[in-house]
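Number of protein chains: 2
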Amino acid sequence: MHPMTRMNRRITLAQRPSGMPDDTTFGTDLVEVPTLGDGEALVEVTWLSIDPTIRGWMAYDTYLPAIEIGAPIRSGGLGTVVESRNDRYPEGSTVFGMLGWQQYVVASRGLRVLPEGVPPEAALSVFGTTGLTAYFGLLDVGRPNEGDTVLVSGAAGATGSIVGQIARIKGCRVVGIAGSDDKCAWLTDELGFDAAINYRTDGVRRAIRAACPDGVDIFYDNVGGPILEAAIANLALRGRIVLCGAISQYNDAAPSPGPANLGLLISQRGRMEGFIILDYMGRAHEATADLAAWVASGQIQYRTDVTEGLESAPDALLRLFTGANTGKMMVRL
Amino acid sequence: MHPMTRMNRRITLAQRPSGMPDDTTFGTDLVEVPTLGDGEALVEVTWLSIDPTIRGWMAYDTYLPAIEIGAPIRSGGLGTVVESRNDRYPEGSTVFGMLGWQQYVVASRGLRVLPEGVPPEAALSVFGTTGLTAYFGLLDVGRPNEGDTVLVSGAAGATGSIVGQIARIKGCRVVGIAGSDDKCAWLTDELGFDAAINYRTDGVRRAIRAACPDGVDIFYDNVGGPILEAAIANLALRGRIVLCGAISQYNDAAPSPGPANLGLLISQRGRMEGFIILDYMGRAHEATADLAAWVASGQIQYRTDVTEGLESAPDALLRLFTGANTGKMMVRL
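As you go down the protein sequences, you meet chains A and B in turn.
Counting from 1, one number per residue, gives the positions in the first sequence under this note's numbering.
Counting from 1, one number per residue, gives the positions in the second sequence under this note's numbering.
If you're looking for bench data, these hints aren't it; they were derived computationally from the structure.
Here the structure is a predicted model, which means the values were calculated and not measured.
Each hint should be verified, as a subset may be incorrect.
[What the hints assert, rightly or not] A few chain B residues that don't get close to chain A, going by computed Cβ distances all over 10 Å: (1) 116; (2) 173; (3) 273.
[To be verified] Chain B regions said to be covered by chain A (calculated; three or more residues, Cβ under 8 Å): (4) 249–258; (5) 274–285.
Ideal placement from N, C-alpha and C gives every residue a C-beta, glycine not left out.
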């Protein structure tokens, strides 16, 4: 039987953004889905994970090569295997992988079959790279001790909100920085943060000092820029700064100056360390086991912010940079 | 017998410097040496160790409280015990400690008796806090592996020159950054550095790339500022930045912006860590044993830059900041 010809709508990279991505950044096209070769599976994309790191991939080589012009925007996602010539990806199964901003993808590797019963929202947030990023960044890079004061920026975001809850579970005092009073209230009233700082209305440096009178033992930074400098100014002796992201700077057309107070890393014997979650994929099961137990017991809550339809993906990405989202940003196709 | 009244000439902190210290920064006075109490020793200062960190102590609280206005400038040094009511510090012995810019000091603690036969120049440089700073900063914070590329700034300075030689002993490729062709020649021709960069004539970022084509595994930084940014731009995967000092910034009247490329610490999984040598004093014997063996075998050479007389101490300090010195800056009284 001759396979039915399917068409694949894609959102592609039209040109590399300088500053905030806009209409000129993205293109759309419609291409034919190729016939499956041996070992390949055809996946219909059902959900997209919208992450700040996509902004970097669009612009330049980072820990992954830049997305090529004309290629679909690289993005994690979930999909259903609709046709398969690969035993590892049976028809009907739900798979996770770098599916991209498109309706269909043909893949022979790099997919993970999702266990039954995991809701898509959980698979892409707390049990996805977001949860792993929170878990390994805090525990492996930050190395919290009971009683430590942990400060988190982007605390109402997908990663930050989980970081704070894990820190609480580990017996730390947790202070979050977020961009609205509503987000701050969510952190303290629902997630159990000990304090929250609205960086849009509070003088951040002074607010950190007030909320962390003994200094910051761990700063888990998703934001960079002036908030990083304010945290360094309040670093405790032997404080650790976990560099997870710098969302405040991803849309800068030119590089912004760094913190003027790095000298405090010397006098405070501070450590600042970056990490990339891809390095931890071989240890994902450690995190997933803990996270599943904590979600089941109610010790970890998560929120998702879902937009509808492939064509909403660019707007979903921009919501991350304006701070419009609370929790994990996703697109349902 | 009534003790002879001795007078003590001191160079004091007249006012905190903003920018480069000058005539208004320092004062002199002449005070009476007090009669010794029980447990005290009178030390005649013979040598002063002139270190960049003194600039910080003059200005503000760091890892030690700021020097008080009117007090002698805090400084390590060597002296001879001329009178003693403390069995640990016998008359005639040579002691090391925070003696300060003055002729005499009365102390009951905090001194270390120097073993016989150690030349004062070695005691204050390779076997002093300078050598310990090089040793523990490189080995304990930087953690070199054989074959690593180690980049050192302030490489012709007291600490940097020893860092590079230890790195060579540990099987690393060593590149130094210094401020003159003469200094660079000393590094490569006499100390065995694999390459040297004159930051005053070379484009530092490009010169590092040329000298470290596989990237920088360890950057031992004594300088800060644009050189730190240039090193970050060339950081290898999992590169480590040892923050020892930031001499380029100590005389800034206002804080200078930090490196604009800290995001590379994320994509490169980099670590930047500061340390203070005082924390390692309990392990000094480890370093001293190794350093003594390396000096004896000729694997480590050191140079000193000596000025004469207490009154030369302010100029000696300024030589550090203009880069006039090669090797360890000291004053002989």
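Hint check results:
1. The beta carbon of residue 116 of chain B sits about 35 Å from the closest Cβ of chain A, which is more than 10 Å, so the claim that it is off the interface holds.
2. Its beta-carbon lying about 24 Å from the closest one in chain A, residue 173 of chain B satisfies the requirement of being farther than 10 Å from that chain.
3. A beta-carbon of chain A comes within 10 Å of the beta-carbon of residue 273 of chain B; the shortest separation is about 4 Å.
4. Counting residues of the stretch 249–258 of chain B whose beta carbon lies closer than 8 Å to any beta carbon of chain A gives 5, which meets the minimum of three for the stated coverage.
5. For the stretch 274–285 of chain B, the proposed coverage by chain A is satisfied: 4 residues have a C-beta within less than 8 Å of a C-beta in that chain, meeting the threshold of three.
Hint check: a violation occurs at hint 3 only; the rest are consistent with the structure.
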